[in-house]
Structures are given as structure tokens and as C-alpha cells.
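A.B. asks: This is what each chain is made of:
Number of protein chains: 4
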Amino acid sequence: MDFSPSPRAADLTERVRTFLQTEIEPVEADYHRELAALRAQGGDAVWQPLPLIAELQGKARAQGLWNLFLPREHAGEYAARYGTDGGEGLTNTDYAPIAELTGRSALAPHVFNCNAPDTGNMEVLLKYGTDEQRAQWLEPLLQAEIRSAFTMTEPDVASSDATNMAATAVVEGDEVVINGRKWWSTGVGHPDCKIFVFMGLTDPDADRHSRHTMVLVPRDTLGVKVERMLSVMGMHDEPHGHGIVSFSDVRVPLANVLLGPGRAFEIAQGRLGPGRVHHCMRLVGLAEMALELAVRRATTRTAFGRPLVKLGGNAERIADARIAIDQARLLVLHAAWKLDTEGSRGALSAVSQIKVAVPNMAQQVVDMAMQMHGGAGFDEELPLAAAWVSARSLRMADGPDEVHRGVIAKLETKKYA
Amino acid sequence: MDFSPSPRAADLTERVRTFLQTEIEPVEADYHRELAALRAQGGDAVWQPLPLIAELQGKARAQGLWNLFLPREHAGEYAARYGTDGGEGLTNTDYAPIAELTGRSALAPHVFNCNAPDTGNMEVLLKYGTDEQRAQWLEPLLQAEIRSAFTMTEPDVASSDATNMAATAVVEGDEVVINGRKWWSTGVGHPDCKIFVFMGLTDPDADRHSRHTMVLVPRDTLGVKVERMLSVMGMHDEPHGHGIVSFSDVRVPLANVLLGPGRAFEIAQGRLGPGRVHHCMRLVGLAEMALELAVRRATTRTAFGRPLVKLGGNAERIADARIAIDQARLLVLHAAWKLDTEGSRGALSAVSQIKVAVPNMAQQVVDMAMQMHGGAGFDEELPLAAAWVSARSLRMADGPDEVHRGVIAKLETKKYA
Amino acid sequence: MDFSPSPRAADLTERVRTFLQTEIEPVEADYHRELAALRAQGGDAVWQPLPLIAELQGKARAQGLWNLFLPREHAGEYAARYGTDGGEGLTNTDYAPIAELTGRSALAPHVFNCNAPDTGNMEVLLKYGTDEQRAQWLEPLLQAEIRSAFTMTEPDVASSDATNMAATAVVEGDEVVINGRKWWSTGVGHPDCKIFVFMGLTDPDADRHSRHTMVLVPRDTLGVKVERMLSVMGMHDEPHGHGIVSFSDVRVPLANVLLGPGRAFEIAQGRLGPGRVHHCMRLVGLAEMALELAVRRATTRTAFGRPLVKLGGNAERIADARIAIDQARLLVLHAAWKLDTEGSRGALSAVSQIKVAVPNMAQQVVDMAMQMHGGAGFDEELPLAAAWVSARSLRMADGPDEVHRGVIAKLETKKYA
Amino acid sequence: MDFSPSPRAADLTERVRTFLQTEIEPVEADYHRELAALRAQGGDAVWQPLPLIAELQGKARAQGLWNLFLPREHAGEYAARYGTDGGEGLTNTDYAPIAELTGRSALAPHVFNCNAPDTGNMEVLLKYGTDEQRAQWLEPLLQAEIRSAFTMTEPDVASSDATNMAATAVVEGDEVVINGRKWWSTGVGHPDCKIFVFMGLTDPDADRHSRHTMVLVPRDTLGVKVERMLSVMGMHDEPHGHGIVSFSDVRVPLANVLLGPGRAFEIAQGRLGPGRVHHCMRLVGLAEMALELAVRRATTRTAFGRPLVKLGGNAERIADARIAIDQARLLVLHAAWKLDTEGSRGALSAVSQIKVAVPNMAQQVVDMAMQMHGGAGFDEELPLAAAWVSARSLRMADGPDEVHRGVIAKLETKKYA
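Chains L, Y, F and W, in that order, are what the protein sequence lines are. Going letter by letter, the first sequence gives residues 2 to 418 in the numbering used here. Going letter by letter, the second sequence gives residues 2 to 418 in the numbering used here. Going letter by letter, the third sequence gives residues 2 to 418 in the numbering used here. Going letter by letter, the fourth sequence gives residues 2 to 418 in the numbering used here.
Here chain L stands alone, though its shape is the one from the complex (with noise of 0.2 Å):
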């Protein structure tokens, strides 16, 4: 069990966190000033991304940290021609590091071309794309030069159930005829959003996980229709964010079906286990970044005569949140390197573990780090908040704790049938 990142990974995660520290860091609370700004103003002017994050692109590319996402396994040419320094792609052992370090900052991970849905989506593409498909769709996605999203979840149906799906995807001749509603679509709000993978059913009486297909469908094409806009507790993720996304008659050509059709869950297996892996990763990021502001303020502020961390159980609270977060990110890494050393079937568990135990702990080191900080945790003009966000939000993203713990049972129970 070694969990130790390449040297030439190594290299890489601390060329990002000098990267994070003078780039980003500096401009971060501007960045978010200037979009409470325009949210405030309304209308459509915060969906429109704010200059900065291009610059901050054109940097980061600039000094070969770009797409530092690309799996080892299935970057192939690509990590060489645009991205990742070095010229082939990382482990996710490897790449952990670097997701932690994204993390802490809500603009890193777009900064970096390693943000979701987009990472997900790409890897797919690698993955299964044809030829076409991927001088299409992927080349532009690594180059930032368009954005993506990932149309599965349904508001009428228990999506939780990915069999559940119920929008349709069939195949007419050469072409695929698509129908239904889809929601919380993360990336739609984007004006770069030009790429939706859609997932839908195609044969109803096949076997349970061979009814659904993947396809790609542009968002221009006639019938797809952005309806609103969702919040998650008020915010709305802009200038990404997330949308409802109705398909009323969508015709798209049968070559933009990927893999085959039918073959979506294959997909979704492939699809979720790095993606996972990210997500937590990025958490983990996030918590320590929530701790470390807990503790400078628990430290700097006074109450009763005392620093809060000498009041009541604050010191006790601060040292819980330390040992969440060291559990969290090793199990993290552990699920990493099962993912790297048994791959995503051998990986099973110990991925829907980490989805389950992650976002609630950084969930509850957040809510810590806002009591710490009184009122001022609540407001925008800290962090607290929208990370709160992000980690309640992933306890249902990407399959709710509940499913995951059944995964886990279910294989644990496996052990002794």
C-alpha cells in the first residue's frame, strides 16, 4: 500500500500550490466580490464568466498545469499534445495531491481544466469515443475552448436508481430520437456549454443494465431547451451552474451514440470511479482549507477575555476536524491506489466508501469552521458557505450515501455468502 505520488507528480503538486498561492489565492476574494456584485444586480450579465478566469487559464496552461486530470491509463497522446507536463498522464495516486490542493479554492479546479463535469465527460471520450468523436468534442474540451455537461438525473423518476431513467434515446434508422426532462445538469448556465452527454432509455424490454444508451448531443440542436436554472440552497454555482434541460424530439445522428447503444451503464462504471476520486479529493482540499480558517480566526478572536480556542470544547472541536480530515484524505488515496493497482471493479468498495464518509466529513469540519466564525461564517464574502454547499450537495451527487452504503454492505456481506 504506497501511497506515494511520482516524483514527477511530486513536482507537479507543488508547481500548483505555488500556482494557487500567487495566482489565485491573491485575486480569489475580488473574484468573488465582483460576481456577489452582478448576482446582485441580476439578470443575465453573472452568467457570463468573468475575464479573469481566462487569464488565469492562459497561465496555468502557460506553465504546463493543465489537464493534469488525464488518466495514465487512457490519455494517451493527448496528455502530451495538451496538457499534462511530462507528457503522459497521472495515476490517480498521482493526481490526488493535486485535487486536494484544487480544492481549496472554487476557481482552481476551472483554472486548471480539471474541474467536473468536463474531467468525467473527456475521460469518456478518451475512453470510448471514436475518432470523430473525440477531434469533435474532446480536442476542444482540453483546450477550455468549450465546456460540457452531463445530462442523467431526472426530476419524475428516483434517479438514485440509474435504472430508473426514463427519457428516451431510440434509434431511428441512422439517427437517435431523443425525449424527457433533465435536472441538476451541472454546466448548462456556461454560454461555452456546446456538449451534453445524455443518458437514455433505448430498449425497455432488455436486460436491466442493457436498456440505456449515451449520446452525444450538441446543445444547439433543435429541441433541447434549457428551462430554469436551479439554486442549492439559494446559490447558483454561476457561470456554470446547473440546470433543468428538457429534449423534445431531438434528433442527433446514430454516430453520436457512444460505445454502442445500450451500453450506458458500461460507461457509468467507467465513468464514476476516477471522477470519485476527484470529488473527494477536491473535499478534502476544502475541509483543511475550512480548518485552517477555524483555527486562525479561534486563535485572533476574543471572547469572555480568552481566544475561542480556549473556550468551552472549540480546542476539542479543532482537533476532531483534524483527525476526520487525515482519515478522510487517507482513505481517499487508499481508493486511489486500489483504483490504480485493482481497477474500478476491485476499487468497488473502497469508492463508494470514500463517496460516503467524504462530503459528510467536510460537511460537518465546515459547519464547525462557520460557528467558529459567528455571523461572518454565513455570508458570502467568506468561503464557509458555498463549501458548505459543496459537500452537502455531493452527499447526493453522484449517487446519495444511502446507495453507496448499500454498495458497501453489500460486498462486505458478499464475504462470508
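Be careful, since some hints might not be right.
Note: identical chains are not told apart, hence a pair may lie in one copy or across any two.
[Claimed, not checked] No farther apart than 20 Å at their CA atoms in a straight line, the calculated lysine-lysine pairs in the PhoX-like style are these:
| hint | residue 1 | residue 2 |
| --- | --- | --- |
| 1 | 416 | 311 |
| 2 | 411 | 128 |
| 3 | 226 | 195 |
| 4 | 128 | 415 |
| 5 | 415 | 311 |
| 6 | 311 | 411 |
| 7 | 311 | 226 |
| 8 | 226 | 411 |
| 9 | 415 | 195 |
| 10 | 128 | 416 |
| 11 | 415 | 226 |
| 12 | 60 | 195 |
| 13 | 60 | 311 |
Hints in this document: simulated from the structure, not taken from any laboratory.
Following the hints, put chains Y, F and W in place on chain L, whose structure we already have.
C.D. replies: Here is chains Y, F and W on its own, set in the frame of chain L:
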């Protein structure tokens, strides 16, 4: 230990319930949708109360369901003149079930003129105001012609320790000169908010609890400025809102002082007991509403071939929520009964107990209800996200959990000293 | 919702409190030391009750503090003849504060002849017994001349589902023939334990809740054998204890059947409500005792130069314990009041709620108190280890937490069905 | 961060696993049954080790599975002479998986001569002992010819603060005179326990961490008396046990001092890191054993027509236990690796973290496993009750949770000071 409401209070409770079901519930979703639309549109429109509120207030007042919060002890002639049907105030025990009902709806407290911080400010005026102060401010408040704010908490000091307040209220001849910055001043967003109860430092050399003064500051006094509105997890609670208010050489007549210079703590003590009972009882109602939604969802939504309530720990979660709510309600009734029978001093531990237990309970129950709803739980179309924010912020407002635990522990250890 | 005891019950409560303080507390540590010595010495001596018990029982009875558990509804003439001072039984609400007091001491329930399972068995005889059954078994039980056991749970089936009981009680002519093994039969260690209430399967083909029968089985019947005594976390709860009992072709007259063949569930329903209130109210008293010890320790023991209560989260732990106990007490009073006003059926959820909430609360409060005592907390010289075992085992006895949560959830979901 | 054991350690681990499965597991239940019978019979027989232990020790030693705990850093020639197969000690990372395995069985640590407190005492002798001290005490300990105790904690002071120790070790000429009372001295029940490591106050005026001395006190020295054996939740952990020991004018030669007068804290620091890793890793094994029992029970026991694992939250409980155990194991491996790579000082927070996290985790997992077993979970025929006691007492032994949280918080706040 008799928690039964008087027959008159029981009757009022039933009438409030009917009003909620017939007048408020049917229009509530539309109200929030309209508000959301204004919010998305941006600008100041969202800070203008929608006409529905005044309309419902008229109906409630016509039915004698008005100012029900008026405390029997201090209501005096005002109950008869402005409100509580039957001509006298209610005890805390009587009012508690009414507060619970109004907690189910974000609108209801305003509709019945029973919303914080106006209720607390009216109580202060009732109990400590001069005839002139009452004529000028209490009477229009009782008629909902104006709204008020309580400006105490400050961004620059740990306000959990109220002796920290550093904004000044200096007596100069027959004037009081006010300087400083306050925040989390609830209600200042409302265009009718005309009067602030301000707490400031008058005599830094006096005994720790005799340094501060409460002063009535009309909002339109020269030097008063609402700097900006604050968000709680991205929400602004329009049209009331919470703001940062600065006071620069603000001068008001000495006659605006409440009770007398240096007597702010005396007022604060008396003000907070009933207010905390109201807050907590409303949270019990909020949690009941959330549990009802969770149960309805769990019994009607299907995943993996079964209703959610049959999956994993969901039924146990519902049971735990039921237990938690029932325990919380009883604890609040107990605190109300203590206030009625032993007064603020005798109820000190009981009131701090509910202030710790109930918001935490509500936060957890709402969190569970959100999880049961999947993605729908986070969006503003359901009241759960706002409910969570309400519960969470009450772990801070009116004193953070940690301070109240300190009060309880102190009283507990005194028993054996 | 009136939880006030009647004046007579309040007076009895005060007299029980005085008796505890003057008669029991001063001798309790010695009693346990003597018992520990017998235990260390080994052999059967420890199963012989120490004379102190009978002595204290005599005093209690002389003061009319005897059989106070007798339920108003069913006490009939027995209350006047054998006990409750004043000539009639108490309501559940009346008795609850008395049960709380007796819960502070492991001895007290026995001293007042109010200990499980004798109380439950006496209630069954009162409610369902024939005149002959009452004359033979109830009268000596009311006088503490004999003790009884309830033999229901079986080692070989999940007894949380009472319909699983597989030991048989077959009617053959005017006899009942009993076979099978029972365990966790509390009280069988006591030399005066003369009568078992046995629950067995009579008609496997009947409706699920009409298959079982309750039968009175004198302990000295041929074929009855106490196989061995069980330990709970290393404790045997001498001299009462919990045993495994086997029944091999045990024959008793048909007249020993309670209520009638196949009617065991009817009896079980009626038996359990008040018994659970008693158990839970005693646990509230136990937790109060533990909290008192914790506070005394925290205020008098010094580490790192300060009393423990000033260190870390200790004061907050004390506050949380106070809140938890007060909530639990109110919930039990609520269940008692429900039983009094709505009967077993109406109190179903309320009784299951306390059965989940109170033992868990007590387990946590005692755990905290142990921790506050350092190593001293674990040893038998302090009552904390035994208190923990008592609380923990009540998360299983009378139905595990999980089954009660199921009951509550079922009733909750029915509300909206 | 490489947690992989060396190939040699991996081989030893497999051999220990085989030994456990073939030599220990088949006889363990009988061993405990025999012990229980002795216990019930009373008297001193239970303090005489059953012959099985020595027999198994012989086998283990013959296979080179002996003294595996010997730390690479300090093992020196002793590893080759008395033990670790292959001739040198293991690193903490190497030994951790072995410790985990031995934690599954209460017997195993003794069988492999790897049990506390002998291991800690042997480490102290290795590291700080003179040649004479090592010849006299270390060599027979390494051969399990004698046993030892560590007498530090005192009943009359809060021993969580080790500077409180009040028993005295006064240097008089070439002797040390010892007075005072110690408790929770583990191992003093064993007839072979011949040597105590005693910690006493030598110079009350010295610097806070230079006042105390560690002295070797042969048990048969005049004035040493084991007053009584202590119980933990009713268990005595025979034949080792925990006792209260009094020292009355006990005189030993100055040559028995370890390292030098006033240097006890230096020794304590070095002693505790590896010991805590051992304890915690054994608890991980204990929790794994408990989870295995829980899963086996949950899948084979039926209630309400379904296996327990299909009922309510049981599957989710199993998943949560799996997550908790895996996180705990990783955290212990992390602490072991820190000790190996950065030494005691660098591992300070990591070691305190496991000391908080792991016993709490084990207590909860075992509690869940007990609950899954119904009544069977509490009785001594299953190892769960003893496992719970072991986990619970380690929240106190070697420093209570609260003190370790304090250490962690201090180091955390230093980062930003």
C-alpha cells in the same frame, strides 16, 4: 408541570391552523415563485414586499388573529386595542402551540404580526418604554404600519459575549451620540423598517454589565447608513433581510434611551426568554413540516422497486426524526412553562437548553428531509433549503450553542457547589 | 398535557426521596462491597440475598412505600390490602417521578417491591389472572414472599420478533405440556423465584398473533431446569440474575393458562406499556445520578492546574447531559400521560419512542460520567459500570431499538397514507 | 507515504495468520469456557494461568513467531537471540499488520509474547536499561519466564496529567525509598509478575517535567502490597488483571533507577508511541472480528421473515462499520509510518490522533455487533462483551481522549501562530 393551553388559547390555535390551511398554504408556493422571479431579475424590486403579505395581514387582523404574541404579563391595554382576540395577552405556554404552527410557513409569522425581531422590540417597548416611546413606535408596530430592527451584533468583536459591543452611545447633554458598525441587523431590508433598537457602549469604566445602553434610533436620522445586505448560505430573506448598518455621529434625543443609560443588559435579559421560546417553537413547526414532506416523499417515491421508506435505514430515520421533534417540543413547552411560573431567572437553564437542542434538532431533521428528496431537496421550489438555513442560523443568532452550553453547565455545577 | 402528579403522589414521591436519602444511600456502598466480596469468594453464596434487602423492605412496607407501581386501573382491592399508601393505585403519571427516584439506586426497586420483572408479572396476574391464580401467586408476590420470572426470549430464534418463539405449550386434555429453551429469564437466580410466566407456541397454524399461549409454570415442576446464569458484560446482577432455562416435557394443569390458549399477544400488549415507562423513568433517575457524580467529580478533581470542569469540552458535556436528561424525562412523562389518557393503543408510538430514546440517552450520559472519573469510572466501587450495563441492556430488553423504530415509522407513515 | 510491509514482515504476517487459524481459534472458545468455570467457582484458581497459554507459547516460539514487537531501532542482538525470526526487529509499519491480527483474539498477544504492558516495559529496558538491568529483567521477560507491570496511575490524583503523580521515589544514599499507592497496574494478578516499573516523585522543586523518576521495583520487595484487583465493567481480565498496589517504605538500590533520577518523562515519551500503535492496531483487528461476527449473524439470523441484514438500517450499519474500520486502519498505519520516518516527536499528533479515533471506532463497531446479536451479544460465550470493555477502557488507558485532543489541537494551532 401542566403544558395545556387555556381553552381560549386552544381555540385561537385551531383558528390559526385553519387560517394557515385555507389562506396561507394555498398561496405560499406562488408567493415564493414570484419572489424567486424577482430575485432572478435582480435589482431592488425584491426588497419591495409583495402585496400578498398586506392582504393576508388584513384578513388575519379581521379574524382577531393578530399580535397573538403579546405577553399576558405586559400586554396591558394593548392586547385589547390591537389584537389578541379576547382582550388579554397569552402566557408563553398558551402561545407556544400557535408559534409552532406559524413555524411551518415562512410567511405566517409576518401575516399574524408575530415575526422577529418586531415581536422582541414590541415587548421591550411594552415593558420598558415611556408613554411617548410607546405612542410613537409601539402603536404603529402593533398595526404593522412600520417595521423595526435590533442592532446589536458587531462585525469587529465576538458578539457572543455581549459585553464586547464596542459601538458607542455617548450621552452629551440632552442628546445621545452614536457611532459604530452593526451587522446581522434583521429587518433593515424592508422599506417600512423605521426604527432601530440600538445597543452601544456608554460608560467603559462601569461594571461589566452596566456599560451599555439601549437607544431608539429612527432609521432616517442623519448618519445612519445600511451598507449592504448580508446573505445566509446565499439567501437574503427578502424583503426583510439582514444588513450591515453604520452609525456616524448619529444624534438622537436623550428621551430615546430605553430604561436609562447603562441598563441595556437588564433589558436584554427580559427580552430574550420569550423570544427564544418563539424561535424554538417555530423551529419545531418547521421540523414537523420537513418530516411531513419526508414521509410523503418516502412513501410515494420508488427506487430499486420499492418505496424509499422500505429502503435501508430510511424508516429508522423517520422514527428518529419523530422522536427528536417530540422531545424538542416538550422541552420548549417546559421552558415556556418555566417562564410562566418562575420568570426569566428561574427559566435561565431551560431557555438555554432549548436554544441548544432545538435548532440542532431542526437542522438534522431538515437535512434528513432534504436527503430523502434527492436533488429536489436543495432547490428553492421546495421550502427545505430555506428551512435548513433558518435552523442553522439559529444555532448562532441569539447566542451560539457554545455560549448557551456554558450557561447550562454553570447552573448545573452550582447545584453542588 | 398535564404532567403534574396528584397531591397524594407528590407526597409519596417526597417520602420515597427521604427514604432513599436516609435509609438506602447510607448503606448502599457497603451493600455492594459485601456483594463484591461474596463474588470474589465464588460459589453460590452470591446468589443468596443479603439480609439488608429484607430489612429495608420491612421498613419501606411499614411506611406505606410498598407496591407503589400498582396501576390505578387494575389495582382494585390489592392496593389497599398490600400496599400503596392511601388505598388506591397510582396513574402512570403519578408513579413516574417515583420510578425516577428508585432508578438512582440498584437496590431501591427491590426495597419498594417495584422491581422488574415482578411488577410486570403482578400486573399480568391482576389484569388477566383468575381468582385462584391471584390467590396463589399474586398475593405472595405483593408481599415479596416469592419472586417470579418471565420466560419468553429464546436463544435459537430472533426474539425481537415475538412470533418466532418456538418453545411449545401444547394443550393435552386438562394439561399443558411445555418444551423448549428460554434465556435472559431475569430473576431465576433468586432462591425465592418460584413462578415463571412462560410463553410458548400452541397452535402453529393459527393466525400469526394467536399461536402463542402464556402459562404459569411453578419453578419446581418436574422438567424445569436452570442451565446456567448469564452475564452482561461480565456482571451477573446477583442475587436476581438472568438465566437459561430448559423445559423438558413439563406438565402443568390447564388452569395455569393465562387468559386462554393462543392469547399470549393480547397479554404482551397490555403488559409492556407501563413496564417500559417504569424502565425508562428509572433510567432517567440513573442518568441523573451519573450526571451528579460527573459534576461532583468535575468540580473537585484537578488536572493541569484547573478543575476538570474548566478543561476542554467538559462543561459542554455536562450541559449536553442536562439537556438530554431533561428531554428524556419529558418524553417519558408524555408517554405515561398518553397511557393514562389514551391507553396502550393510543400510546403505542409514545412508548416506543421512549424505549429508543431513553436507554441511548442513559448509555451516553453514563459513558460521559465514566470518562470524567478516569479509571475509577470502570471499577465496581462506583455504580457507573453497573449503570452503563443497565442502560445498554435496555437497548435490547423489551425489544431492540431497531424494532421500536420500526413501530414508530409505521405509525408515522400511516398518518399520510 | 508507503505503508507496505517488507517482504519478510509480510511473510511473518501470513505465518501469524495461519497460526491464529490453526492453533488459537480452534481452542479459544474452550479456553474462555474453562476460565468462566473457574471464575464461577471463585477463589484464586482463576488467577493461575491455564496451561494452554504456555503450550501455545512454546509452539509460537518454535515457529519463530516470538517477540515480533521488538523494534528495529532498539532490538539489537535481542531480536536474533530471543525472537523475531530472521534476526532483526521490525519497523512499526512492518509490525502493524501483525498487531492487527493478534487483536482478533484475547489470547494471541500473550501467545506471541507481544502483550502490554510487557512489551512497553521490555522496550524501556532495551532503550534505557543498563546491562545489569537488561540481564536481570529483560532476558526473562523476552523468554516469558516472568511478567511485569507498569505502576504509574494513582487513585488520588488526576493521572491524565502525569505531572500530578504524588507517590514518592526519594533518593537516600545508594537507595531509593518508595511510598504511595498506584492503581490500574495491569498484570499484577499474574503469579509470574515479578517486576514493576514504578514512576514516582523525586524532586518536587525541579522543573515540571524533571520531577519524576522511573525505578525497577521487584514485586517481592518488602513493603509492596497488591491491595485488591480491579474490575472493568465487572470483568477482571484474569489471569493478568489490574490491581491497586501500595508501596510502604519500599527500598531498592539506586542502581534500579532507569536512565537517572528525574528523567521519567523522557522515558515516558519514548515508550508511548509504539505502544499506542500496538494498542490501536489490535483494536482494528478486534473491530474486524466484531464486524465479521455481525455480518455472519446478520446474514443467517431471521426475523420478521427476512435475514437481519435486510431489516431497517442494518445493512447501512455494516457499511458504516466497514468505513470506520478502514479509516482507522489507515490512520494507524500512517502513525506507524510517521514513527518510522520522523520519530516520536514528528509523530506526536499522528499518535494522539489514533489514540482518540481508534478506541472510539472500536467501541462503536463492537456496540453495533452486540446489538446485531441480541441477548447473545452481552454474554461471555461470545467475545463481544470483552471486546467492548477492551475498546472502552482504551479511551482512558494511556491518556484519556480529551488529553489527546488537547495535544492535537495545540499542534494544530501552532501551525498558524
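A.B. asks: Does each hint hold? Answer for all of them.
C.D. replies: Against the structure, the hints:
no.	hint	result
1	416 <-> 311	between (47 Å within a copy, 16 Å between copies)
2	411 <-> 128	neither (28 Å within a copy, 47 Å between copies)
3	226 <-> 195	within (13 Å within a copy, 45 Å between copies)
4	128 <-> 415	neither (30 Å within a copy, 46 Å between copies)
5	415 <-> 311	between (48 Å within a copy, 14 Å between copies)
6	311 <-> 411	between (45 Å within a copy, 10 Å between copies)
7	311 <-> 226	neither (55 Å within a copy, 36 Å between copies)
8	226 <-> 411	neither (39 Å within a copy, 42 Å between copies)
9	415 <-> 195	neither (44 Å within a copy, 48 Å between copies)
10	128 <-> 416	neither (31 Å within a copy, 43 Å between copies)
11	415 <-> 226	neither (45 Å within a copy, 40 Å between copies)
12	60 <-> 195	neither (24 Å within a copy, 51 Å between copies)
13	60 <-> 311	neither (43 Å within a copy, 52 Å between copies)
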